[in-house]
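Asks: Sequence:
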Amino acid sequence: MSKIGYYLVLPILYLVALLPFRLLYLLSDLLFLLLYYAIGYRRDLVHSQLTKSFPGKSKPEVDKLSRRFFRYLCDLALETVKTLTIRPQGIKRRVEFDRAGVFRKYFEAQQSVIVVMGHFGNWEWAGARFAVADIHDLSIIFRPLKNPSFNNLLQYMRKRLGNGLYPMKTAMRSMLENRENLDATAFIADQSPVPQHAHWVTFMDQETAFFPGMSKIAKHLAYPIVYVGTVRGRRGHYEVIAETLVEDPASHTPEEITQVFAQRLEDDIRKQPEIWLWSHRRWKHKRNKQE
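Each step along the sequence shown adds one to the number in this note's numbering, with nothing skipped, and position 113 is 180.
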C-alpha cells in the first residue's frame, strides 16, 4: 500500500479504535460475515491445516472449528486496532495477570528472563498488560513490516504503554548491550522459518520447523525461559498464564528447548484451538530428508 493509501486508512483505524467495545464486537460480527462467506479469506488453508492437526475430527467438526477461528480472528484484528487508544486501566480490566506471579519471583531476584509465546490468544494485549505491571521492562522481538508506514504504526502501538522493541536481526546484540538492565525479552516463536537452519519437531501431529534463535540466545545468555499463554475467557477478556519453561537453558541443547516450547504451546492449542493463528501458512516448508 502506498503512503497515500496509508493516510487514507489511518483515520478509519482511529475511528475503529475509539468505538466502545459493544460496537467494536458488532463490527467484528459483520466483518466475520464478509471475511468468511463473501471473501473466503484463506478458508481452504485454514480448513486444510485444521484437518491435518486434528485427524480425529469429522468434516462437520472441522468446519465448525474453522468458523469459530474466523470469528475470533475478526475479534483479534479489531482488538489489536483498539491498542491505539486503550488506556492502562482498560487493559488491566480486560487482561488478568494474577497467574503470572513467576515474573515477580524473578524480578525480586533481579534476574532477567526470556519470554516465549505463540500466536495464541491476544498476544498484543498480553504485551500491553505486561507494560503496566510493576515488574521487568519488556522488550519484544519483532520482524519489521515491508510497508514502512504500517511498520511505524505497529511499533507505536506496541510501545505506547511502555514496551521496547528489538528488531529480529539485531536481537542478540541488543540484548547484550542491555544485559545490565532487568529485562524480559519476548519471542513470539511459532512462525514458519526458512527450513535450512530450523529446528524440526513434531507439532500438532506434523513435522514442523521452528526458529532456532530463541533457544540459542537463551542458552548463550543463560536466562530462565518463561512460557506465556493468553487464554480467552468471555469475549474481550483474557488471562495471562506464565510458568517457568526452562530454568537453566545452559543445561539443555537448543533443540531440546525448542521441543519443550512446541509441546507446551500445543497443549494450549488443543485446549482452545480456535484462538491460535490458523490463517498463517504454518506448514509451507517441508524437511529435506537428507538432513
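Quick caveat, the hints were computed from the structure, so don't treat them as lab data. Keep in mind that this is a model prediction, so the values were computed, not measured. Hints are supplied without guarantee of correctness; some may be wrong.
Stated by the list, open to error - Listed below are the simulated SDA-like cross-link pairs for lysine to any residue, each with C-alpha atoms no more than 20 Å apart in a straight line:
#, residue 1, residue 2
1, 119, 336
2, 213, 354
3, 159, 111
4, 119, 304
5, 286, 264
6, 131, 163
Said to hold, decoys possible - Between beta-carbon pairs, the in silico distance windows are:
#, residue 1, residue 2, range
7, 213, 78, 21 to 31 Å
8, 82, 240, 37 to 47 Å
9, 72, 318, 24 to 34 Å
10, 125, 245, 25 to 35 Å
11, 131, 272, 14 to 24 Å
12, 168, 71, 27 to 37 Å
13, 125, 96, 18 to 28 Å
14, 269, 78, 10 to 20 Å
15, 125, 93, 16 to 26 Å
Where a beta carbon is used, it is the ideal one built from N, C-alpha and C, also for glycine.
Asks: Now look at each hint and say whether the structure bears it out.
Replies: The hints, checked one at a time:
Restraint check for residue 119 and residue 336: satisfied, since their Cα atoms lie roughly 14 Å apart, inside the 20 Å limit. Restraint check for residue 213 and residue 354: not satisfied, since their Cα atoms lie roughly 27 Å apart, outside the 20 Å limit. With a C-alpha separation of about 37 Å, the suggested pairing of residue 159 with residue 111 is violated against the 20 Å cut-off. Note on residue 119 and residue 304: the hinted pairing is violated, with a Cα-Cα distance of about 29 Å set against a maximum of 20 Å.
Between residue 286 and residue 264 the alpha-carbon distance is near 17 Å, which keeps this suggested pair within the 20 Å criterion. Taking the CA atoms of residue 131 and residue 163, the gap is about 28 Å. The hint is violated against a cut of 20 Å. For residue 213 and residue 78, the hinted distance range of 21 to 31 Å is satisfied, since their beta carbons lie about 22 Å from each other. The hinted range of 37 to 47 Å is satisfied by residue 82 and residue 240, whose Cβ atoms lie roughly 39 Å apart.
Against the hinted window of 24 to 34 Å, the Cβ-Cβ separation of residue 72 and residue 318 comes to about 51 Å, which falls outside the hint. Roughly 51 Å separates the CB atoms of residue 125 and residue 245, a value that falls outside the hinted 25 to 35 Å. Distance hint check for residue 131 and residue 272: the Cβ-Cβ separation is about 19 Å, which falls inside the suggested range of 14 to 24 Å. At about 48 Å, the CB distance of residue 168 to residue 71 disagrees with the hint of 27 to 37 Å.
Restraint check, residue 125 to residue 96: a C-beta distance of roughly 26 Å satisfies the suggested window 18 to 28 Å. Checked against the hint of 10 to 20 Å, the pair residue 269 and residue 78 fails, with Cβ atoms roughly 47 Å apart. At roughly 32 Å, the beta-carbon separation of residue 125 and residue 93 lies outside the given 16 to 26 Å, and the hint is violated.
Hints 2, 3, 4, 6, 9, 10, 12, 14 and 15 from the list above are not met by this structure, while the remaining hints are.
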